[in-house]
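Asker: Here is what each chain is made of, one letter per residue.
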Amino acid sequence: MEAPPVTVMPVTGGTINMMEYLLQGSVLDQALESLLHRLRGLCDNMEPETFTDHELVYLLKGQQGNPFILRARRSLSHPTSPWHLRYLGQPEVGDKSRHSLVRNCVDVAASHSLPEFLNEMGFRMDHEFVANGHIFRKGAMKIVVTKLSRILVPGNTENTERLSLSYLGGAECVGSCRPGHCVGGHAQLC
Amino acid sequence: VCQVPVAEGKSVQQTVDILHKKLEQLGAVKQGSFCVDCETYHATGSVTGQPNKLLYVMHNSETPLSCLALFEGGPCLVADANFDVLMVKLKSHFQNAKGHKVECRGSRYRYCDFLIKVGTVTMSSSARGISVEVEYCPCVVPGDCWNLTKEFMQSFLGPSVPELPSVFAAKPEGLFAPADCVDTMT
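Line by line, the protein sequences are chains A and B.
Using our numbering, you'd call the opening residue of the first sequence number 1 and step up by one each time.
Using our numbering, you'd call the opening residue of the second sequence number 1001 and step up by one each time.
Keep in mind the hints are simulated off the structure, nothing from the lab.
Don't take each hint at face value.
[Unchecked claim] Okay, derived cross-link-like pairs now, DMTMM-like style, lysine to aspartate or glutamate, Cα gap no bigger than 20 Å in a straight line: (1) B:1091 <-> A:120; (2) A:61 <-> A:116; (3) B:1089 <-> A:120; (4) B:1098 <-> B:1017; (5) B:1053 <-> A:116; (6) B:1089 <-> A:92.
Isolated chain B (complex conformation):
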C-alpha cells in the first residue's frame, strides 16, 4: 500500500482518473469497487498512568465478514464482524473518536495476477489523499515477489514507488497475513 502524491495543478479526483486511465492503457480490467475503513478508539480510563495507546478497528471489503483490530505498535487481532458489536458494549471503556474515521474508497482493477486498488482517502468527508494498493496474488511470501511488484508499480506510478514496508522487511521469508496488510495501511 502506498501513498501517491496528487499531480501538480490537478485535484485528487483528476489524479485518480489519470491513474485509472494508465491502468486501462496497460490492459487492466476494472472489477468493481472496494472500501477500507478505519475507526479510532481510545481508552477512557488510564490503565497504568501512562498515555493510553490508540486502538484502530478496520474493515476491508475484500474480507467482508472480518474485522481487524490493531494497537499502535502492538498486537493485532483478526475477529469476525461481531467485534463491532462488542466495541459498542465497551463504549464506557473505549470511546470512538468519530471525527477520526478514515475511509479509502475506489475502483478495483485486475491485471493478470495483479490486483490494483486505487482509492481516495477521506476523513470526515474531505479528501485527504490517494492510496494505491497492489497485490501479487499467486505469492504469499512478500520477500520473494517484492521486486516484481515494485517493477509493476513503477510502470504506472512512475517514481513515487515506496520501499519494502518495514513489516515485511522484518520477516522476508515469512508468510503474508492480513494483519501485515493492516499494519501497512495504518
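Chain A with its partners taken away, still in its complex shape:
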C-alpha cells in the first residue's frame, strides 16, 4: 500500500473559474424522433444513452441580496451513483452576438447524505422535478434532450406529470477558457 502523495492544493486557479456555456431550445413531442436521428448523425459515435434524474433546487436566504441557489441531482436509473451538486452563477452579460449563456459553475459530487446536510446548512428546498431523456456527446460538449415532469407528491418520484408537450434540448460545455471552441460547437449543432 503506497502512500498517496501529500499535496496541498490551493483553492484558486482553474477550478474556481469554470464556466458553463449553454445553448437551449425546445422541440414539440412529434419532432423528437427526427431530432434524435439528427443528433445521432452529428454527435460522437456511441451507444445512445437515456437518463432519468431527480433534481431538487435549494435556496439559502441570506440577510441581503438574492438567495443562494444550489441544484442537487441524483440518478433514478442508477440509485447508487453519487449525488451531483451544482452551483450556477449569474449569466455573463457582454457579447451580444454570442447566443450561448455563459455562467460560472461549480460541480461537486456528493454522498447520499446531501439533502440532510443541505438542510443543516440552512438551505430549504424550493422545488423539485424529474428529468428524463437522451444524452449525446460531441467532444467536450454534452447534448441532452429532456422531458421535464412535475412531482405531484413531494418526495414521490413515481407519481409525476409532464410539464409540457415539448422536449427541452440543450448543448452544454464546461471549461475554464477557449470560449470560441464551445461557441463554435454550439453553432454547428444549431
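Starting from the known structure of chain A, fit chain B onto it as the hints suggest.
Answerer: Just chain B, lined up with the frame of chain A:
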C-alpha cells in the same frame, strides 16, 4: 485515532521520535507521510435564532480527491475536492475561522496488516499534541477487530490506549465508513 500524552520532560517532537523508534523496533516500515487537516466554518446569519452549529471541513491525504464535511453532532457529507470551491462561493453565508485550522502531519508506518500514522497536531503553527491513528486494513467491521487493534496499540503505546470510540460502539456490526474516521478525529 487517539491522543497520546507527551512524555514527561520531553518535547512533542521528542515524544514523536520515541514512538517512531518503538515502531521501527517492532518491525514496522516507514511508508511516506500523511496529512489530515480540519477547517472550521460558522454560519454568518442566524437560521432559527439558536446558536449556529460549527461546520468542519476535513481533508485526508489517504483520500486526496475527497473532502469530508461534518456538522457538530450532525450529518456528515463526503464530497469531492470541489466542495472547497463551493465554500469559497458561500463565503458570505459561511465564514472560515482561519485561526482555527487544525493540521495533523507525520509519518506513515506499515506493519503487516496494520497502518499506523503518528502525527503532530498543530493549530496556527504551534504544536498542540500528538495523535496516533491505527488502522487494521483487512477488516471493515470495527466491532470484530477492536480487541486485536487495542492489543497492537498497547504494544507500543503502553497504557495510553483509548476505549472503543463511541461512534463504533453504537453500531458494532456496522461497516466502517470514512465518515466514522472523521467523527473520531473531531
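Asker: Could you tell me which of the hints above the structure violates, numbers in ascending order?
Answerer: 4
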